[in-house]
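Make a model of the complete structure from these sequences and hints.
Number of protein chains: 2
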Amino acid sequence: MKRKRVVILGATGSIGESALKVARDIPGRMQIVGLAANSNAEKLAATANETRAPFVCLVNETKIDILRRTLEYKPRIFSGDAGLCEIASLTDADMVLVAIVGTGGLRPALTAIEAGKDLAVASKEILVMAGEIVMREARENGVRVLPVDSEHNAIFQCLEGKRSTLNAESFTLDVSDVRRIILTASGGPFRETPRKDFDSITPEQALKHPTWNMGSKITIDSATLFNKGLEMIEARWLFDVETKRVEVVIHPQSIVHSMVEFTDGSTLAQLSYSDMCFPIQYAVTWPDRVPNTLPPLDFSKLSKLEFFTPRYEDFPALNLARRAGETGGTLPAVMNAANEIAVAAFLDRQVRFPEIWHVVEEVMNRHTAIAHPNLDAILEADQWARNEAQGCVKLLSR
Amino acid sequence: MKRKRVVILGATGSIGESALKVARDIPGRMQIVGLAANSNAEKLAATANETRAPFVCLVNETKIDILRRTLEYKPRIFSGDAGLCEIASLTDADMVLVAIVGTGGLRPALTAIEAGKDLAVASKEILVMAGEIVMREARENGVRVLPVDSEHNAIFQCLEGKRSTLNAESFTLDVSDVRRIILTASGGPFRETPRKDFDSITPEQALKHPTWNMGSKITIDSATLFNKGLEMIEARWLFDVETKRVEVVIHPQSIVHSMVEFTDGSTLAQLSYSDMCFPIQYAVTWPDRVPNTLPPLDFSKLSKLEFFTPRYEDFPALNLARRAGETGGTLPAVMNAANEIAVAAFLDRQVRFPEIWHVVEEVMNRHTAIAHPNLDAILEADQWARNEAQGCVKLLSR
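Going down the list, the sequences are from chains A and B.
Under this note's numbering, the first sequence has 338 at position 338, and the numbering climbs by one with no breaks.
Under this note's numbering, the second sequence has 15 at position 15, and the numbering climbs by one with no breaks.
Hints were generated in silico from the structure; no laboratory data involved.
Every clue listed holds true.
Note that identical chains are pooled: a pair holds if it fits in a single copy or bridges any two copies.
Below 30 Å or equal to it, Euclidean Cα-Cα: the simulated DSBU-like pairs (lysine-lysine) are:
#1 Lys394 x Lys196
#2 Lys301 x Lys196
#3 Lys208 x Lys304
#4 Lys208 x Lys301
#5 Lys74 x Lys21
#6 Lys43 x Lys63
#7 Lys43 x Lys4
#8 Lys21 x Lys304
#9 Lys244 x Lys301
Here it is, written out as structure tokens:
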């Protein structure tokens, strides 16, 4: 029963906050040794003051003075992108939780892997953009990639039985018995909205998620179903299954977090309330389960769980993601980057809700995918897609 | 990938039929080497003729001539209770599936264990009456007890992750991470029937089960919830958890077959359509999963899954079973025996539906439980309870 020493990249975001809750709940099993944030110096300092983490990193160097002023103790302080990679490879850490929104988590994640740290992945971009590289590096460095997304964590739990065949060095799950991976999706706020009303959807409406409380980018992604599309690609890499074996089922109650259907026709599902503390804790304490103060399901109040087929025609994100996943190479990174730009443009009222899909599809259509790209090629494709998407936005917002 | 050589005790019953379907579906993994039935000689012969099982047993010796006449080949034939024990301990068998209704499966099950055969248990009586003895004998003989009840099979699947800590000899599951075992119950045909209408329930009404097609005894048990009560006690022995950690949730759709809640508040569930072929196959092929022709869940047609708290006051079977399970010793055998008599009396229109509970409770109240009984003491308590229950029935049917 080892206490895990964890570095949190993205400590001031919503995943970071949940990770702190977990650390408070199971102090005997989780110790925070490093905290990194992008630019919220005050919040980072407050979190550091509470946890007394010996290492702290603020990427935005212009705010480092605020951090120093607000700290009530003397941690070692890193800054900038280089600092992020330094705190991700601390000798004193066992695990790095990557919860940075956007592409910023990619380099520190790879640095952590090279330093032999287990990775708890909350940033979708890491596996969507560079799943092939990340999983290969993890294998070669004998490092574990533990999923923190509630969906992938659920799948990971349903595959617990495959642990016996795990090679501790390579951390390979045996998925030969898996027929389908079934990702559940809440369906977002427009699950039942007619297609004809999509044009008039406002950012305010799209930011009201029915079951999860998350950051704005991921909340819009839940509304467009791009979130689920990105997760299809993540699942492909995490569990080494082809994208065509990854399916999506709409489950508005967000109690079943995902399922695995085996070759014998039987299905295992993981259930809990919608609280990121569940998957974060499991990633930290795996393979153990540790008692905590989180409420278990109360079946007398649960009433009903519903399941529906997604409206593929009306929400094109799933088919775009399937295409990106099947093509592979640089296309998933391009899809992800174009989506980031389109979401920002929608929140900025430059494009309408359904135009998020149009922008992504247009940029994907323009891209010639490179197979088995290296990190530079991926980042280049990412930048290219951002420029292309900006061009599309400009055209649409006229 | 070894082909398992299986003996089926109770080959002409509904579980036996499903087992034959499984053997037809995965012939490379399951070979039927022995078939035993109580008295349906014609059906046993037909099944033998199809499977060409080299060993056949008919308990009812008066019908052995019909069997011989109808057989189209020359298997070795056993008969009587002694024959049942002989076929349960064949050198040529790896596993014995015990699917005999009532107490008749107990001695052959113990004989199979002593002969080192893995046990696939479908007969509830074996673990309800003699769970302590059966599990101890299994441990001492290095034999596996695999559950075939859909509920316990589901729990077994949810505990797959505990396999890594399995000692192949003792087959002990590590349940230290388990907080609760949650048995699902369809609720039977009277799930929503008001208590005041119970007196007028007819056998015909009680035999109409909403989701499962089973024998008449078990169908009545599903209506009274004694079936679930017996399963609570089975779970206690199979998974070595106290009865107080075994709970029941009503789930009318019979898609979630049972669940395990872990100490971290997370729950795993096993789902499939209601077909006994699923759990039978898993018991046979475990720890492998083998492709078959069974239909996986179609989530587009599943629609909704509901969960309710049982009506404990109106269906006293659950509380009686909890009491029997917590007291232990001979009390579960007494509850089981009294219930068998009461169900037969109800089907025979001698007692009314709610009087099944009254008879069982009355006999349980009269019993002084013996702790850690041996098999003779259990069978004696069983016989005593039958006599007492008959007395109650006589009184009520006047």
